[in-house]
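Engineer: Starting from the given sequences, assemble the full structure and let the hints guide the process.
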Amino acid sequence: MKNQLLVILTSICLHPLAGAAVTLTFDSTTDGFTAGLNATSVAWNAYHGGSLAVTVESGFKSLSAYLDIQANAALLAELNSALVNGGTVSYTIYLEQADITGSNPDWFETIYIGNSSAGWDQHFGPAAGQAGLYGGSFPLTSTFSFDVSHPILNAPAASDMNAQFALGSPWNQIFIGVNSGSIEGGYTGAKIYVDNFTISAVPEPAAASLGLLGIVGLAIRRRR
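If you're matching positions, the sequence shown starts at 1 in this note's numbering and goes up one per residue.
The reader is advised that the hints may include incorrect statements.
[As the list claims (entries may be wrong)] Okay, the calculated beta carbon distance ranges per label pair: (1) Gly186 / Ala71: 38 to 48 Å; (2) Thr25 / Trp171: 18 to 28 Å; (3) Thr143 / Ser117: 37 to 47 Å; (4) Gly86 / Ser117: 19 to 29 Å; (5) Gly185 / Ala74: 10 to 20 Å; (6) Ser41 / Asp68: 12 to 22 Å; (7) Ser28 / Gly119: 28 to 38 Å; (8) Gly102 / Leu167: 40 to 50 Å; (9) Asp68 / Met161: 17 to 27 Å; (10) His48 / Met161: 39 to 49 Å; (11) Thr40 / Glu204: 36 to 46 Å; (12) Ala20 / Gly186: 40 to 50 Å; (13) Ala98 / Val202: 19 to 29 Å.
[What the hints assert, rightly or not] Straight line, CA to CA, 25 Å or less: simulated SDA-like cross-link-like pairs of lysine to any residue: (14) Lys191 / Asp68; (15) Lys191 / Ser28; (16) Lys191 / Asn179; (17) Lys191 / Thr143; (18) Lys191 / Phe144; (19) Lys191 / Asn80; (20) Lys191 / Leu37; (21) Lys191 / Thr25; (22) Lys191 / Thr55; (23) Lys191 / Ser41; (24) Lys191 / Ser142; (25) Lys191 / Phe146; (26) Lys191 / Gln173; (27) Lys191 / Asp106; (28) Lys191 / Ser103; (29) Lys191 / Ala53; (30) Lys191 / Glu57; (31) Lys191 / Ala118; (32) Lys191 / Gly86; (33) Lys191 / Ala73; (34) Lys191 / Ala43; (35) Lys191 / Ala46; (36) Lys191 / Gly59; (37) Lys191 / Trp107; (38) Lys191 / Ser90; (39) Lys191 / Asn85; (40) Lys191 / Thr30.
Bear in mind the hints are in silico, worked out from the structure with no lab data behind them.
Cβ coordinates follow ideal geometry from the N, Cα and C atoms, glycine included.
Structural biologist: Below, the structure written as structure tokens:
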């Protein structure tokens, strides 16, 4: 009987630690992302097992793919949890040489924007923890991938290298885009692929303590 109760207690304690992140995998849809002001198109694509395909022209295209976090209850709940306990927003961008139109860009960098009632929060280029390629570094045939990750902050003003939002804001938005070489250099645009957009909150301290208690209890049971 004691063993059975211990197993039940362990399961309950461990449960809060599960599902500590919400990921949009783009397996078959755009998962709520739509075209922003700077995108030629935003659509689902079979690339990489399913991804968000964003077609942009050259130049400064920060408002390319748009997501309304308020429209996704799971993402919003995870974001609010991250604003209290800490967390990250992350995703991967892929760029194929075959999807570059015109000549190779002289430079290329990813853009992340968080927008809420706390203000406008834009991060771009390697200096902000993002990914960039400069100096005509694109070879004739290649695949480039950029892993982007920002800590989430509940902050009153923009903070470089962080994803800043406002806890309890009536609206929360995210934009993903790129800046790149201008058309004068012969580069006219590209299609980028976004995958595994994730908001991940650190588990609440109480949940983590219960989880640890469950692990200890299971260890004791096995020892006996």
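Engineer: State for each hint whether it applies.
Structural biologist: Verification of the hints:
1. Gly186 / Ala71: 38 to 48 Å: This hint holds: roughly 39 Å between Cβ atoms.
2. Thr25 / Trp171: 18 to 28 Å: holds, 25 Å
3. Thr143 / Ser117: 37 to 47 Å: At 39 Å between Cβs, range holds.
4. Gly86 / Ser117: 19 to 29 Å: Since glycine 86 and serine 117 have Cβ atoms about 20 Å apart, the given range 19 to 29 Å holds.
5. Gly185 / Ala74: 10 to 20 Å: Once the Cβ atoms are compared, 42 Å apart, the range 10 to 20 Å for alanine 74 and glycine 185 is violated.
6. Ser41 / Asp68: 12 to 22 Å: holds, 18 Å
7. Ser28 / Gly119: 28 to 38 Å: holds, 34 Å
8. Gly102 / Leu167: 40 to 50 Å: holds, 44 Å
9. Asp68 / Met161: 17 to 27 Å: Check passed, 24 Å falls within 17 to 27 Å.
10. His48 / Met161: 39 to 49 Å: violated, 26 Å
11. Thr40 / Glu204: 36 to 46 Å: About 42 Å separates the Cβ atoms of threonine 40 and glutamate 204, which means 36 to 46 Å holds.
12. Ala20 / Gly186: 40 to 50 Å: holds, 46 Å
13. Ala98 / Val202: 19 to 29 Å: violated, 39 Å
14. Lys191 / Asp68: Status holds; Cα separation ~22 Å.
15. Lys191 / Ser28: Holds: lysine 191 and serine 28 sit about 18 Å apart, inside 25 Å.
16. Lys191 / Asn179: The hint holds at about 13 Å.
17. Lys191 / Thr143: holds, 12 Å
18. Lys191 / Phe144: holds, 12 Å
19. Lys191 / Asn80: violated, 32 Å
20. Lys191 / Leu37: holds, 16 Å
21. Lys191 / Thr25: holds, 18 Å
22. Lys191 / Thr55: OK: lysine 191 and threonine 55 at ~4 Å, within 25 Å.
23. Lys191 / Ser41: Roughly 9 Å separates the two Cα atoms, so the pair holds.
24. Lys191 / Ser142: holds, 14 Å
25. Lys191 / Phe146: The hint holds at about 14 Å.
26. Lys191 / Gln173: The hint holds at about 22 Å.
27. Lys191 / Asp106: With Cα atoms ~16 Å apart, lysine 191 and aspartate 106 stay inside 25 Å; holds.
28. Lys191 / Ser103: holds, 14 Å
29. Lys191 / Ala53: Within the cut-off at roughly 6 Å; holds.
30. Lys191 / Glu57: holds, 9 Å
31. Lys191 / Ala118: Not OK: lysine 191 and alanine 118 at ~31 Å, beyond 25 Å, violated.
32. Lys191 / Gly86: It is violated: about 33 Å lies between the C-alpha atoms, which goes past 25 Å.
33. Lys191 / Ala73: The hint is violated at about 29 Å.
34. Lys191 / Ala43: holds, 11 Å
35. Lys191 / Ala46: holds, 13 Å
36. Lys191 / Gly59: holds, 13 Å
37. Lys191 / Trp107: Cα-Cα ~15 Å, so holds.
38. Lys191 / Ser90: holds, 20 Å
39. Lys191 / Asn85: Violated - the C-alpha atoms of asparagine 85 and lysine 191 are around 36 Å apart, more than 25 Å.
40. Lys191 / Thr30: Holds: lysine 191 and threonine 30 sit about 15 Å apart, inside 25 Å.
In this structure, the earlier hints numbered 5, 10, 13, 19, 31, 32, 33 and 39 are contradicted, and the remaining ones agree with it.
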